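Asker: As you go down the protein sequences, you meet chains A and B in turn. Using this note's numbering, the letters of the first sequence correspond one by one to residues 1 to 120. Using this note's numbering, the letters of the second sequence correspond one by one to residues 1 to 218.
It should be emphasised that the hints constitute simulated quantities derived from the structure, not laboratory data. Quick caveat: nothing in here was measured; it's all calculated off a predicted structure. A few of these clues could be false.
Claimed, not checked - List of simulated lysine-lysine pairs, DSSO-like, C-alpha gap at most 30 Å:
id, chain 1, residue 1, chain 2, residue 2
1, B, Lys-104, A, Lys-32
2, B, Lys-104, B, Lys-13
3, A, Lys-74, B, Lys-104
4, B, Lys-13, A, Lys-32
5, B, Lys-59, A, Lys-74
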Amino acid sequence: MHELSIAQNILDIVREKIPQGEEALVRAVRIKIGAMAGVVPDSLAFCFSAITHGTPLERTALEIINVPLTVHCKMCGAESSIEQTLFFCPSCGGFELDVLTGREMQVSEIELDDEEENRP
Amino acid sequence: MSVITIERKVLEKNDEVARQNRALFGQHRLFVCNVVSSPGSGKTSILERSIEHLGGRLKIAVIEGDVQTDLDAQRVARYGVPTVQIVTAGGCHLEAALVRDALKNIDLTGIQLLIIENVGNLVCPSNYDLGEAMKIVVASTTEGDDKPLKYPAMFRNASVLIINKIDLLPYVPCDLARLRSNALQINPALTVFEVSCITGAGIPAWCEWLVAQSTRTV
Ligand SMILES: Nc1nc2c(ncn2[C@@H]2O[C@H](COP(=O)(O)OP(=O)(O)O)[C@@H](O)[C@H]2O)c(=O)[nH]1
Ligand SMILES: [Mg+2]
Ligand SMILES: [Zn+2]
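Pulled out of the complex, with its shape left as it was, chain A reads as follows (with noise of 0.2 Å):
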C-alpha cells in the first residue's frame, strides 16, 4: 500500500503550495499518473481522502490524469502507444524503445475556489 505514502507526499506537496488560511478553499488537486508508475488510482484517492479527513482539505478532490504509455522507436522512429506488457514498436516490431510518457507521478494543478464564492 504505497499509495498511503505517496497520497502524504501530494498532501505535502499541496500544503507547502497553499496557505493555511485558504486551505478550505481548494477544489481540486490535478495529478498526473503514467501508465507505468505503478499506481492504483482508486487506491491512491481513497488514501488521499482518508487523510484530509477532518482537515479543512476534507472536500478535495484528487483528480487523475492518466498518462499512457508512449515510446519512441529507436530502429525506425515511430512514436507509438503501446501497452506495458507489449513492449516492442508497433510499426517495425523493435525492441530498441525510449519512454516518452508512462512513468510520470507528478502534482500537475491546484484549483481553488474564489475567496468571495465561498462566503455565506
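Following the hints, put chain B with the ligands in place on chain A, whose structure we already have.
Answerer: Just chain B with the ligands now, kept in the frame of chain A:
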C-alpha cells in the same frame, strides 16, 4: 475559480535524497544494487550464497529491509560482512532517507559492493529510487512464468533478472524459456542469470558478473 500550475514530481523529496546517496556512493566508488522480489523468492539466500562463494574477493556491505524483525540481517551478518537492518514497521518499500540513515551505521571506507535487500514486494519499490546503480529483480520458479507480465513496471526498471530455485523445475509448472521471454519482451536489455541456492548452480556466473561490476574503473 482559479488554477495554480504546480507540475512537481510527487516523490521529488525522495529523488533528492536518492541523488545525495548516489553522490556519496560515487565518492566511495561503490557499486550499489537494490534487490527486489516478491516475499520468499530467495533474495537473502542469494546474498548468503554469493558472499560465501566470493569468499572475501570483494569488500561487501549489506542493508536489509524488512517489515518486521532483523532475522535476515542476522542470517547475513553470520558471514562476516557489515550488515545494517532497516525495519520499516509496516512500510511496503524502502525510501532513500531510510537508506541514508542506515548508511550512518556503516563504514564505507574500502567497501566495493553494497547490496540493499528491499522489502518483499514487486509493486511499491519500483517508484522509490534509493540512489542505487541498478535494480536487480529476483523471480523464482515456484512463482510461475507470468510474473513479468503481472509486474511489468518492476521488470522494466530492473537491469538484471535472477531466476532462482531452478532446482525445483522438475516439480513446478514453470516454463523457463517462457519466463525468460516474458521478461525480455518487457525489457530486452535485461541481463538474466539462472541460479539455485540449494545446488549452487549458476551462482559462480552471477558472482563473476558482480565482481566485474564492482571492480570496474570508470
Ligand atoms: N528449493 C529452493 N529453495 C530456495 C532457494 N532459494 C531460497 N529457497 C528457500 O526459499 C525460502 C525463502 O528464501 P529467502 O532467501 O528468505 O527469500 P527472501 O524473502 O526473498 O529473502 C527459504 O525457505 C529458502 O530456503 C532455491 O534456490 N531452491
Ligand atoms: Mg529476505
Ligand atoms: Zn519501430
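Asker: Please write out, lowest number first, the hints stated earlier that are contradicted by the structure.
Answerer: 1, 3 and 5
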